[in-house]
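Chemist: So the protein sequences, as listed, match chains A and B. When we follow my numbering, the leftmost residue of the first sequence carries the number 9, and every step to the right adds one. When we follow my numbering, the leftmost residue of the second sequence carries the number 99, and every step to the right adds one.
None of these hints come from the bench; they were simulated from the model. Some hints could be false.
[As the list claims (entries may be wrong)] 30 Å max Cα-Cα, derived BS3-like pairs, lysine-lysine:
{"no.": "1", "chain 1": "A", "residue 1": "Lys37", "chain 2": "A", "residue 2": "Lys310"}
{"no.": "2", "chain 1": "B", "residue 1": "Lys105", "chain 2": "A", "residue 2": "Lys171"}
{"no.": "3", "chain 1": "A", "residue 1": "Lys37", "chain 2": "B", "residue 2": "Lys108"}
Owing to the predicted nature of the structure, the values given are computational and were not obtained by experimental measurement.
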Amino acid sequence: MRELNVLNNQVQPDVSVHYDFNRNLENRKLDPKPVLIETLQVNIAKLCNQACHHCHVDASPKRTEEMDQRTVDRCLEILTENERIINLDITGGAPELHPHFDYFVLEAKKLNKHVMVRHNLTVTFDGHPHTGESKRYLPEFFAENKVEVISSLPYYQEFFTDKQRGKGVFNKSVESIRLLNNQGYGQENTGLELNLVYNPVGTYLPPPQENLEKDYKRELKDKFDLVFNKLFTITNMPIHRFREFLLRSGTYEEYMEKLINAFNPAAAEGVMCRSLISVGYDGRIYDCDFNQMLDMQIQNGKPLTVFDFDHDELLSRRILFDSHCFGCTAGNGSSCGGTTAV
Amino acid sequence: MHYYETKDLKKFGEIGDFRKELADKFFEYYNTVTGEDGALTKREKALIALAVAHAKQCPYCIDAYTTACLETGANPDQMTEAVHVAAAMEAGITLVHGVQMHNALKRNGI
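The following block holds chain A by itself, in its conformation from the complex:
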């Protein structure tokens, strides 16, 4: 990757003209196209028990949008019809708060799909913010169904985690990881995968994933006797809540400049939109979860939904890029599975 030289990299021309991601790709003769669809990433609910500062979904206990049964069933039908789609990645909000969440997982497992859940850890203890329904069964449910659990833990210390996700979240997350460890998650030879996600609290790029993973493993083991499998480092996208924060603090241009200066062609080759389709709660389909939040729906003469899903046609689509895509191509790259530039 291109090195981030602390002082020298500040010596750059005015970059405001380079916010155009498409032009940036053209200038570099890069043309990332879809290569396969191996993952269906489904955002089933915007409701969440938390309201984190960085959340690109703007999820919170106040949100009510959720996927209806018919659309859930259509997603399952797509998984049935398309053997090449091997992963179901369920996200939100806190997806476990959706009334059909368990059904969705169980049915997808019957289809022998690999199921990933973006689990915020605290929902296990908090339960449903409106009904009070307990979610204490989740660690056992995940283990029984061999769900890959992917959970945000912004740092291995309380300070950063609570600053980003709210007071008390770190300690609750630690206890939730303990429950998952007790089920076998993160332990050797169980096949139960627990992956943690780091994203910066502020306007800086993530540290190298491999180095930070070692720190996380050492600190969580030494201080809390916790284990996990992999750490994914993710760059903060300059959209929604984080963009508002950047604008409020007068650092939007500075942050964009940082992302653009750190543009890495190898990361651009590995962007996740080349291998997944993102589904919104209302069934609309997108190139990624970020495009979903920006209403950049996939078009083919008309805006497409899961009910128009055609695997081969989708493979021939043009991926829709915009300025936020600089977030996925900075440094070592960023995706829902961590860095993309090897």
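We have chain A; now place chain B onto it with these hints.
Modeler: Showing chain B alone in chain A's frame:
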């Protein structure tokens, strides 16, 4: 308008407007020393640079190395300890010159 403006750091490269070859040599040296893992990691180097930045009271360097520390995985506890090392060294350097004062006192017969 202040004497040190954050945005002025972007103009650092202007030092190469004259005698560019000297600036080029400096930046190459600088980036090699600070920008690569060696016997010390980039994180360790960033923490040292942060401490030096405070000891030398360079506002540009404090901004740049606060970010560099975070981007190499350091945390505020480690960064604060680095600043304390700088402060302790400054205090120690001042106090150890008391030896020179004692030498001078002795020369004065005290």
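Chemist: Does each hint hold? Answer for all of them.
Modeler: Each hint tested on the structure:
A hinted pair counts as satisfied when its Cα atoms are at most 30 Å apart, and Lys37(A) with Lys310(A) qualifies at roughly 29 Å. Among the hinted pairs, Lys105(B) with Lys171(A) is consistent with the structure: their alpha-carbon atoms are about 28 Å apart, no more than 30 Å. A C-alpha spacing of about 28 Å is found between Lys37(A) and Lys108(B), which places the hinted pair at or below 30 Å, so the restraint holds.
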